[in-house]
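Asker: Here's the letter readout for the chains.
There are 2 protein chains.
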Amino acid sequence: MPVLKNIAKLYTCRDEGSQKDIFPIEKAALVWNDGIIRWTGKENELPDEFSHEEFMDAEGGIVVPGFVDCHTHLAFGGWRSEEFEMRLKGKSYLQIAKEGGGILSTVKATREATEDELLNKSLLFLERMKRFGVTCIECKSGYGLTVQDELKQLHVYRRLKEISECTIKTTFLGAHTFPPEYTTNRRGYIDLIINDMLPQVAKENLADFCDVFVEESAFTPAEAREILEAGKKFGLIPKLHADQITASGGAELAAETGAISADHLEQVSETGIQRMAEAGVIAVSLPIASLYTQQPFLDCRQLIEAGVPVAVATDFNPGSAPSYDIHLAMLLGCNHGRLTPDECLKAVTIYAAKAIGADKELGSLESGKKADFLVLDVPDVSFWIYHHNGADFRYIFLKGEQIHP
Amino acid sequence: MPVLKNIAKLYTCRDEGSQKDIFPIEKAALVWNDGIIRWTGKENELPDEFSHEEFMDAEGGIVVPGFVDCHTHLAFGGWRSEEFEMRLKGKSYLQIAKEGGGILSTVKATREATEDELLNKSLLFLERMKRFGVTCIECKSGYGLTVQDELKQLHVYRRLKEISECTIKTTFLGAHTFPPEYTTNRRGYIDLIINDMLPQVAKENLADFCDVFVEESAFTPAEAREILEAGKKFGLIPKLHADQITASGGAELAAETGAISADHLEQVSETGIQRMAEAGVIAVSLPIASLYTQQPFLDCRQLIEAGVPVAVATDFNPGSAPSYDIHLAMLLGCNHGRLTPDECLKAVTIYAAKAIGADKELGSLESGKKADFLVLDVPDVSFWIYHHNGADFRYIFLKGEQIHP
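As you go down the protein sequences, you meet chains A and B in turn. Residues 17 to 421, numbered by this note's numbering, are exactly what the first sequence covers, in order. Residues 17 to 421, numbered by this note's numbering, are exactly what the second sequence covers, in order.
Bound-form chain A, shown alone (with noise of 0.2 Å):
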């Protein structure tokens, strides 16, 4: 049974108090086996079962939980870096998306693309991902819209839960948008998703959670209720990609259906904001499509004094973030997004975890959850996400085996 000692600090980011606590352990050691950690606390205080283990030296590192990126889309075909280059000359992206562009050019690369193609592809993000101390991840469909095609992406996903060590857990978002032969048909398409893709997915168990986007250019309220009612119905938990461009009651619905996590909300309402804290919805902060979008940040700050608390993702996707570095999506979450270093810390820990109900399993450092934790190289988690150089790793631990160096 290993027991790593000589833990400067150890961040258990536990489930408790407000986002702020993070309960860090001075001089700590941690213990594990089977890929499950068994004890954590003072380093004075290690039970005598454990003291003739395996030791491991922090040398004076912090240890915090195993990063979980709770938003993703990870399997696409093709990319969109020439989206890049007009957003940069000041279109916008619904202009993009108008013309053609947008989720609409993915949607027709990713049925052209193979689940071979894509499984492949995915595989490689995947390895980055864990580069940056990403050990769970949530992936979505979104890029089909046909059933076959949606099936496609979560039968990916399916077979990369099989081969990485890492967590995943899946969302069906055939509700992304309106695929081309639906765009005056879009009973037709509300339709089908309840008809045939929802009965599909829950028939193979492919989906976690239904998502829908409710904007201007893609799904109403009203169209997204009855999709994500519908999903209920087939046991997949409600998530929305809310108020990001306009506020269209997206954060309000989240409340109202129940959602686990309400999405972007860069637009929310304040009234949104009050339904999702009587709810107890989780916001989803993703401030690397702020950055790339030009558009404006989510206040995080607001959301936490508000009483919700604040998750962080990439957003990974081929167009509006093209990057799975959730290093700056932390980075940008204090900067921009006003959270402190640690609440940040709980934002890509606990409360990603919770946004994906994933924090039975992992998310925090307490005996029975996954062994799933980073050895970093700094005097505490203000200071290395202020520092900002990708080099601090020292140690990163998937399910307890060292994955990295």
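Hints are computed from structural coordinates only; laboratory data are not their basis.
A pair holds if it fits inside one copy or across any two, identical chains being indistinguishable in the list.
Straight-line distance between alpha carbons at most 30 Å, and here's what the computed DSS-like set of lysine-lysine pairs gives:
#1 Lys219 / Lys376
#2 Lys36 / Lys21
#3 Lys36 / Lys105
#4 Lys137 / Lys107
#5 Lys137 / Lys114
Using the hints provided, position chain B relative to the given structure of chain A.
Answerer: What follows is chain B alone, placed relative to chain A:
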């Protein structure tokens, strides 16, 4: 004589045309020996004299010049991570400075540090900067603010030049701010700079440039003019920290004094831009400082349109820009500075080299220049900046030697 072949695209970045012209050579080869580039061109035009040499395979990657970080404050005592949280909570840079934080707290820590301590810390930073593909940096003094402590910083850089293979240019920045001993005796400190520091710096040949921080909280344009003119008599080329927080005539002064570059410029006036264009002053954009201090970003596009070439650098320092992640500076230069990716590449290569007078020896891939180059596993520079994931370097070469992986 090694020959690198199978290069999909070699970006020469030579100093010709406008900022967007980077002269890519498709299906290229690169020949070097003794640390110097001997030939670049199309692989099928490789001269016979090189056809029997040792080949290396770029495997279809792209090749760009090593990056030049043309504005850093590399050697300093202490850190200022506590100010990171203060700024997140809404305190301004000027407020923090007025309360004894900011530059002055670093001055105190730098005075207390030994030359060896500063050297070891700088070496660690430099090693990590190299991982980002940086092969040439500029280093400023300005945290000593006594004759002895300014010399101490400059001696660190001299030793760094002897130890490191990186190309290092040095700037005397005694006029960074007024030290506490002189807050009520500005004339006394200016005399100290002119009569004591500059002669000593020149005598030991410790600096290439003389820089002044022109700002409400630091030096007036008149004071800066006097210092820069005195520096010129000792052979030091003027540089300026200009118009960062307020428009204080810094750009105009840069043009008037024949400065090689004016750096920051977030608040530059229209007149200032015109004068810089006429005088051929390089603009150095430091977007990481804007990010951390939540100040406006420099609109690089506006300067380019007005005929001012733009370089991008990190401004690495312990307070306002505690990261040397030049990839982040590039991403921000595009997203917030409205540079196209091609322009941004030139901003961290040839124009950055010009901003520190190193363009005769490096900054572009041309015969006779240093063999500092990066092989990236991407189809083009646009994709590389856009995908921002920190893991695309196939090889890094510094003076002809492979230093990564």
